[in-house]
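With the hints as a guide, bring both chains together as one complex.
Residue numbers (this note's numbering), protein chains in the order written: chain A, 1 to 412; chain B, 413 to 628.
The set of hints was computed from the structure by calculation and includes no laboratory data.
Watch out, some of these pointers could steer you wrong.
Derived Cβ-Cβ restraints for the label pairs, each shown as a range [as the list claims (entries may be wrong)]:
id	chain 1	residue 1	chain 2	residue 2	range
1	A	Leu394	B	Asn542	29 to 37 Å
2	B	Ala427	A	Leu394	34 to 42 Å
3	B	Pro482	A	Arg360	54 to 62 Å
4	A	Leu298	B	Gln550	35 to 43 Å
5	A	Ser295	B	Ser418	52 to 60 Å
From a predicted model like this one, the values you see are computed outputs, not experimental measurements.
All residues carry an ideal CB built from backbone N, CA and C; glycine is no exception.
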Amino acid sequence: MNIVRLSLKQLAARPLHTALNAILLALGIATIAMLMLFNAQMQDKLMRTAEGIDLVVGAKGSPLQLILSTVYHADIPPGNIPKREADKLAKHPLVESTVPLALGDNLLGYRIVGTTPAYIDLYGGKLASGKLWSVSMEAVLGANVAKKSQLQLGQEFASSHGLAAGGHLHDDNKYQVVGILAPTGTIIDDLVLTDLQSVWDLHEGQESTNPVYQQANPLAPAKPADDEEDGKPREITALLIKYKTPLAVLALPRQINANTNMQAASPALESARLLHIVGFGLDAFRAFALILIVSAGLSLFVALYTTLKERRYDLAVMRLLGSTRLRLFSAVLLEGVLLAVGSAALGLLAGHLVTEWAGRSGLTPGLTLTGHYWVPEEGWLALLALGVGILASLLPAIQAYRTDIGTVLSER
Amino acid sequence: MFQLDSVRHRYPGGAELAFPDWSLAQGGRAVLVGPSGSGKTTLLSLLGGLLRPSAGKVSLAGQDLGALPPGKLDAFRGRQVGFVPQRPHLIASLTVADNLRLAQYLAHLPQDSQRIEAVLHELGLAGLGNRKPHQLSQGQAQRVAIGRAVVNRPALLLADEPTASLDDDAAEAVVSLLQKVADEAGACLLVASHDSRVKDRFETRFALGVSKEQAA
Numbered sequence: 001m002n003i004v005r006l007s008l009k010q011l012a013a014r015p016l017h018t019a020l021n022a023i024l025l026a027l028g029i030a031t032i033a034m035l036m037l038f039n040a041q042m043q044d045k046l047m048r049t050a051e052g053i054d055l056v057v058g059a060k061g062s063p064l065q066l067i068l069s070t071v072y073h074a075d076i077p078p079g080n081i082p083k084r085e086a087d088k089l090a091k092h093p094l095v096e097s098t099v100p101l102a103l104g105d106n107l108l109g110y111r112i113v114g115t116t117p118a119y120i121d122l123y124g125g126k127l128a129s130g131k132l133w134s135v136s137m138e139a140v141l142g143a144n145v146a147k148k149s150q151l152q153l154g155q156e157f158a159s160s161h162g163l164a165a166g167g168h169l170h171d172d173n174k175y176q177v178v179g180i181l182a183p184t185g186t187i188i189d190d191l192v193l194t195d196l197q198s199v200w201d202l203h204e205g206q207e208s209t210n211p212v213y214q215q216a217n218p219l220a221p222a223k224p225a226d227d228e229e230d231g232k233p234r235e236i237t238a239l240l241i242k243y244k245t246p247l248a249v250l251a252l253p254r255q256i257n258a259n260t261n262m263q264a265a266s267p268a269l270e271s272a273r274l275l276h277i278v279g280f281g282l283d284a285f286r287a288f289a290l291i292l293i294v295s296a297g298l299s300l301f302v303a304l305y306t307t308l309k310e311r312r313y314d315l316a317v318m319r320l321l322g323s324t325r326l327r328l329f330s331a332v333l334l335e336g337v338l339l340a341v342g343s344a345a346l347g348l349l350a351g352h353l354v355t356e357w358a359g360r361s362g363l364t365p366g367l368t369l370t371g372h373y374w375v376p377e378e379g380w381l382a383l384l385a386l387g388v389g390i391l392a393s394l395l396p397a398i399q400a401y402r403t404d405i406g407t408v409l410s411e412r
Numbered sequence: 413m414f415q416l417d418s419v420r421h422r423y424p425g426g427a428e429l430a431f432p433d434w435s436l437a438q439g440g441r442a443v444l445v446g447p448s449g450s451g452k453t454t455l456l457s458l459l460g461g462l463l464r465p466s467a468g469k470v471s472l473a474g475q476d477l478g479a480l481p482p483g484k485l486d487a488f489r490g491r492q493v494g495f496v497p498q499r500p501h502l503i504a505s506l507t508v509a510d511n512l513r514l515a516q517y518l519a520h521l522p523q524d525s526q527r528i529e530a531v532l533h534e535l536g537l538a539g540l541g542n543r544k545p546h547q548l549s550q551g552q553a554q555r556v557a558i559g560r561a562v563v564n565r566p567a568l569l570l571a572d573e574p575t576a577s578l579d580d581d582a583a584e585a586v587v588s589l590l591q592k593v594a595d596e597a598g599a600c601l602l603v604a605s606h607d608s609r610v611k612d613r614f615e616t617r618f619a620l621g622v623s624k625e626q627a628a
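So that you can see chain B by itself, here it is in the shape it has in the complex (with noise of 0.2 Å):
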């Protein structure tokens, strides 16, 4: 479902990072791992249309992100990319079904009380869609966020460091519902981690080493 041809990044002031030619069909499931630096949040953020490559194409859904205006990327950023960040950073004046609602009303889709329902139900949230935030445990806010990164039903679920700061029972079930929700979306998953308990769980692992220019 995404497909990296030849793509390079380089942050102002920075190292360029090269990325292997990586693709990953409809319902793939993959891990991408790498120490610090070696560019897995970029990657996530170029896969995101968060970023443009300096040099290279990133295609998603067939569709080349580097040939989308700014709004358009927006806009099919929206529609396409789930993206559960490290953090769950939920809109804290927002009940959690309006965390959900924003998602759907952004991506300029419908806004579907049952669908939102539906997604709560299926992480275990049936019941707190009226709670704000701030009522909200550590782990239910990060189910939340996952919630709101599929409610739109997207082809490409990013997660970065989703178990950084979880138990092995709970680092455990965020991974299976992470791929249980991406089944349900008809998303292909791609985890950024170097948790090895997540590594473990993955058959398709992509190895970011450190750039060329840092090698040399």
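Just chain A, with the same shape it has in the complex (with noise of 0.2 Å):
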């Protein structure tokens, strides 16, 4: 026997008030926690893939789209630029480094995306198996892609237009499957990767034939004086660019977008743009479970305060038999706080339960959720729980303490 135990027993002797409460307190907590593990997933997710990438040159248009686009591969292109272009920038003096992007197809709803390998290396890709493409209409699958397709190396597909499933199929013109990438956790576990060229040799001469394609096309050409040396048009989606120096945030975006006919976007500016429009939502999720938070903590303390009345035997026989009244002050508060701290395990566990479960039913695409991951606010959020506790618990701990025995007792 010990006071945590009575405290404890107390609490049982009274299973439906406590198990109300309890669940009322982990609600809360589980849903500010899985915000909490949702938004920083998020943000993680959101900055390292942007990372290595200090800016994005496209076709002009929403920055925003521009990045969610060539960056996230989560929303169609603005238009596309000439290679041309792209090569000058490529060269300028403030750059380290570029990867160019070409979009245009899919392979069951996973983007192919033409590229250099360069690309793999932002990502520190590596090859499961095959080796990285050499020729055009040779393709390397993202870890993801492979498994969803079940395509072996060596194998051939068609891919389908347009950036979503279901568009028309490319089916003169296979790719040939000759790399697969081990998984990165990142977003090129979700992309099929190919050199430039195939992009082009798929798209050419098709495009004005078909004016539904022409509209949904991003590479379609813009006027036949992009045309290179092979008479063909060369235009990439984007040019993601490494600064040299970290000097160059001031002066490049401003020279291109001033003086080019393209649009410059930085995706650490547009991730946090993104981020706070989604943050309005998240903010009255975050609301909706401190009210929850709240009315558990009132909840529980008119329990504790009705009880009260009955448990004035108690608290007068505890006295009787050599208790404090701290000590009844105490056991009251710990009951409280037992089920506070009960709730928020509870609480906590359920977040990352309800996490977990989410990313492995691909509620969130594109985005893997696990709950394998703590944030240090769940510790605040503990803290918060303990505290609605010894709040809700406050009053009726001090009425205990003023427990008078010697009336309790006379009465019959």
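Listed below in structure tokens is the structure:
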């Protein structure tokens, strides 16, 4: 027998009250924990995906759209830029390195990206099997794509036009799988990578014949004047740039935006903007969860306060048996604290489990959520729960402290 | 084992009660009688250190209760005073054995399961240690309350109207039981009662009249 055991027994003696309050509190904690996990992992993912990309140059339009479409592969690109212009930028003195991207087709909804091997290096990708592409129409599959498509090395597949599954099939000119990448936990797991030339080869000559196609195809040539030496259109969707010096951030975007027909957008700025927009939705959820926690606190308070009348005798008997007033105070306070600690543990566990479940069931495409992820703020969440427990049981505990044994026991 | 010295008590807004300078030696047995409002429960509370007198001195087992600070007084009560209230008031969430164990814990005494078993056995409650209070009959619950009062072997065992709601046989049995456990614990026993079935069992009788002010 000790005071903790006594408080636990008292909680267990009122299973309905205890369960209700614990569930209310745990729900609030779980909701906030989930938001924290989601938010942190989303930020983490956004930041990691944009790491090493200082600037994206693409067609004029919305900068957020440009970043979403070319860095996160989550939107359609605003258009194309002439490769010639991009090549000029690559030689700019403020530019350390560049990676060209050409989008246009997909495999089962996974985007096919015409690029250079530097794009794989950007995300630390390694081949799990096979080799990198060396000629047009050779493709390297990201880890998730390989798993979902069940394609093996040497197999061929027809790409489907557009950036979402179900478009026109380019079945006259098939890709061949030459390599499969090991999982990286980054965006390239969900991409099919190939040479720029593959994308150009697939799309030459078809565009003008089909108006629907023309509209949907970001790779449709803008004007024949852009043709390169072999007479074919040479355009890319975007150029990813890494600065040579941090000072470039001051000069380069402005130069591009003012002096060329292209736009430059910063992934860091745009993803911060995106998080800000998403943040409003998360705030609403957070407010809702806080309301849950406050009502749990109130409910706990009411439960402790009303049962105190029945428990006057318990408390008086404990005083008879030699308990100090302080001990009665602690015993009641401890009930609130134990309930809060239990609920916090339950809530955090539930938050992680639901996050893991959401990740596994693919509720968040493009973001592989995991429950094995801890953020320091969860400690604060546990403290918040503890505070609610203490606050709710403080007044009942003071009442317990004031229990007058003489008068309670002489009642019949 | 206890000694009263010019003890008076006045409740806030109430009349002053004055108590004779009674004393009881170790192993003594006495019944406290008097009409309602004469201060029987008040005297028990004073003896148990639940109330502090407005004037005078209460000594118990050689200790002046008035000299003890609140925390020490609580601990002293836990060890030296066993209290059998009018109703058992067992802690509903605890088993019978844990109700007795709580008495040991709150008195800062070692938790001794053998002692608990022995007390339950003595009270005819052997085998009921794991029951919850709501699974007990009224008589069993009262015996658990008696066990809780004596489990720490107090110097003074106080009982407040222990037979009020009992039939003759049960009343007889309870008084015998109180005397028996007091003997076993080496405690002196003071029973407050206006029940003639109880009164006749004790040679020493402390009689409280109406208070002086009420009489005047």
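For each hint, the structure was consulted:
no. : hint                            : verdict
1   : A:Leu394 / B:Asn542: 29 to 37 Å : 35 Å, holds
2   : B:Ala427 / A:Leu394: 34 to 42 Å : 37 Å, holds
3   : B:Pro482 / A:Arg360: 54 to 62 Å : 59 Å, holds
4   : A:Leu298 / B:Gln550: 35 to 43 Å : 38 Å, holds
5   : A:Ser295 / B:Ser418: 52 to 60 Å : 57 Å, holds
Hint violations for this structure: none, all hints satisfied.
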